Amino acid sequence: MKESVINEVVGGLKEAGVKFVSFVPDSWFKHIYFRLSEDPDFITMPCSNEGVGVGLCCGAWLGGVKAVMLMENTGVRMACDQLARLGMSVGLPAFMMIPYRGDIGDKLSYSVAHGQTMIPVLDALRIPYLIVREENCIRQAIRRCLTTLSVTNYHVALVMGAEVCVEDL
Amino acid sequence: MERIDCLKALVPHIKDQLVIVSLGRTAEEWAYVCPRDGNLFSSGMGNHIPVALGLAKVLPHRQVILLDTDGSVLMLLSALPTLGAFPAPNLKVFVFDNEAYEGTGSHPTATSGSADIAAMAQGAGVSGAKTVRDLDSFKAAAEAVLTKEGLAFIVAKVELSKGPMPRARAGHREALLRFVRYVEATEKINILHTEHH
Chain B
1 MKESVINEVV
11 GGLKEAGVKF
21 VSFVPDSWFK
31 HIYFRLSEDP
41 DFITMPCSNE
51 GVGVGLCCGA
61 WLGGVKAVML
71 MENTGVRMAC
81 DQLARLGMSV
91 GLPAFMMIPY
101 RGDIGDKLSY
111 SVAHGQTMIP
121 VLDALRIPYL
131 IVREENCIRQ
141 AIRRCLTTLS
151 VTNYHVALVM
161 GAEVCVEDL
Chain H
1001 MERIDCLKAL
1011 VPHIKDQLVI
1021 VSLGRTAEEW
1031 AYVCPRDGNL
1041 FSSGMGNHIP
1051 VALGLAKVLP
1061 HRQVILLDTD
1071 GSVLMLLSAL
1081 PTLGAFPAPN
1091 LKVFVFDNEA
1101 YEGTGSHPTA
1111 TSGSADIAAM
1121 AQGAGVSGAK
1131 TVRDLDSFKA
1141 AAEAVLTKEG
1151 LAFIVAKVEL
1161 SKGPMPRARA
1171 GHREALLRFV
1181 RYVEATEKIN
1191 ILHTEHH
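In the order they appear, the protein sequences are chains B and H. Sequential numbering of the first sequence, starting at 1, is according to the working numbering. Sequential numbering of the second sequence, starting at 1001, is according to the working numbering.
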C-alpha cells in the first residue's frame, strides 16, 4: 500500500472524528494498523476474532465515540452472528473498513473465496457498502459511511479495492 | 446461592454506573430488582464482554458493570484475551454461572462439567478472575471490587432459578434508546443523529 493511501485513510478517519480502532490483521492493511497503533489520537484495540472487534466498536458507539473495525473480508463471514444480533436485533452499529481480498488481480488463490463471498454476505446482512478504487475518494468515502451509520444506526462497510491496496497489480 | 439474591446485593451499590446485562432470566431478574434507564439489556449472546469493554474504554471515568452468564461467555471465548490484554480498570464483570442454558430448558453448559470460566479468564490474562460459591462471599467480593479501581471478573456459581419469571421488561429497541439517552444526559454528549436540513 502506498504511503499516500495510508495518509488518506488515517487523515480521513481523523477528519471524520474517529477515535477508536479495533482490528484483526490482514496483509493488505498492515501498514495502516502500525500507523494507527502509534498514533496517540486513537484508542487501538487489536483482537483475535472479528466478532469481538465489532462488539468493541458498538460499545464505543454507546459511549459517544466514533469507531472503526479494520478487518479482512473473511471477517465479515466470521462476524456474521455478532453483526446480525448487534445491528438487526439491538440497534448497535459498527463501521467497518475491509480490503477487497479476492478482487480482480489478487495474486493469492486462497483469497478468491474471500472475494466471492464478501458481497453476498454483506447483502444478506443488509449492510450498505462503498467500494473505493481511487485514492482521492478515500476521505469522502469515510465521511459518507459515517454519515450513513449515524442516520441509520446500522452497520456500514467501506471496501478498499485492489487498486488502492496493492502497488504492483 | 440464588442469582436474584446476588443481584439484590448489588443494588445498593448502583448510583450512576452503566450496567450491561446479559440475556434470559438474568436480564429479567435485574430489570425487576433494579429498573433504571442506565441498564442495557442483551446485546446478543456472546457480545456482552466486547460491548462492555468498548464502552468502558471510551468512558474511563465511568464505572461500567457487566452482568453476564456462562452460556454467553462460552459462546465468544475469544473476548477473554482481549479483556486480558486491555484491562479497563473501570469495568466490573460478574458472570452468573448456573451451568445451564436456563432459558431453553436448562440443558447443561460446559461449566457443568470440567470447564472453568474463571480459570479460562485467568489464562487469558484477566489476573484477578475468581469464583465465589456462596452469598456472603459474593457480597464481600462485590463490595471489594465496586469500591476500588481495577478490572474485576467474578464468576458466581448459582442455582437454577425457582418460581415464575419476574415481570416483562422493555424490548431491545426501547431499552437501547432509553440507555443511549441516559448516557447522553449524564455525559452531556450527543450520540443519536439529529436532523439538519
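Keep in mind that the hints were calculated from the coordinates and are not lab data. Watch out, some of these pointers could steer you wrong.
Stated by the list, open to error - In silico DSS-like cross-links for lysine-lysine, where the CA-CA straight-line distance does not exceed 30 Å:
hint, chain 1, residue 1, chain 2, residue 2
1, H, K1188, B, K19
2, B, K66, B, K19
3, B, K19, H, K1148
4, B, K14, B, K66
5, H, K1188, B, K14
6, H, K1015, B, K19
Unchecked claim - Some chain B residues close to chain H (C-beta under 8 Å, calculated; not the full set):
hint, residue
7, F42
8, V166
9, L169
As the list claims (entries may be wrong) - Computed Cβ-Cβ distance ranges for the label pairs, DEER-style:
hint, chain 1, residue 1, chain 2, residue 2, range
10, H, T1147, B, Q116, 52 to 60 Å
11, H, A1110, B, I6, 18 to 26 Å
12, H, V1011, B, Y110, 48 to 56 Å
13, H, V1011, B, E3, 48 to 56 Å
14, B, E38, H, G1125, 34 to 42 Å
15, B, T117, H, H1107, 42 to 50 Å
16, H, G1113, B, T44, 34 to 42 Å
Just so it is clear, the structure is predicted and the values come from calculations on it, not from any experiment. We treat Cβ as the ideally placed atom computed from N, Cα and C, and that holds for glycine.
**OP:** Compare the distance between the alpha carbons of B:K66 and B:K19 with 30 Å, and conclude whether the hinted pair is satisfied.
**Re:** holds (6 Å)
Original post:
Does H:K1015 pair with B:K19 here, judged by a C-alpha cut-off of 30 Å?
Top reply: Holds. H:K1015 to B:K19 sits at ~28 Å (cutoff 30 Å).
Original post:
When the nearest CB of chain H is found for B:V166, is that gap smaller than 8 Å?
Top reply: violated (29 Å)
Original post:
Using the C-beta atoms of H:V1011 and B:Y110, is the stated range 48 to 56 Å upheld?
Top reply: Once the Cβ atoms are compared, 53 Å apart, the range 48 to 56 Å for B:Y110 and H:V1011 holds.
Subject >> Outcome of range test on Cβ distance (H:T1147, B:Q116; 52 to 60 Å) >> reply: holds (54 Å)
Original post:
Would the pair H:K1188 and B:K19 pass a check requiring their Cα atoms to be no farther apart than 30 Å?
Top reply: holds (18 Å)
Original post:
Is the distance from the Cβ of B:T117 to the Cβ of H:H1107 consistent with 42 to 50 Å?
Top reply: violated (32 Å)
Original post:
Taking the closest Cβ pair, is B:L169 under 8 Å from chain H?
Top reply: violated (34 Å)
Original post:
Is the hinted pair B:K14 and B:K66 satisfied, with a Cα-Cα distance of at most 30 Å?
Top reply: holds (10 Å)
Original post:
Taking the closest Cβ pair, is B:F42 under 8 Å from chain H?
Top reply: The hint is violated - B:F42 has no Cβ within 8 Å of chain H, the shortest such distance being about 11 Å.
Subject >> B:E38 versus H:G1125 beta-carbon gap, inside 34 to 42 Å or not >> reply: With a Cβ separation near 23 Å, B:E38 and H:G1125 fall outside 34 to 42 Å, so the hint is violated.
Original post:
Do the beta carbons of H:V1011 and B:E3 sit within 48 to 56 Å of each other?
Top reply: Given about 55 Å between the Cβ atoms, the range holds.
Of the hints listed earlier, those the structure fails to meet are numbers 7, 8, 9, 11, 14 and 15, in rising order.
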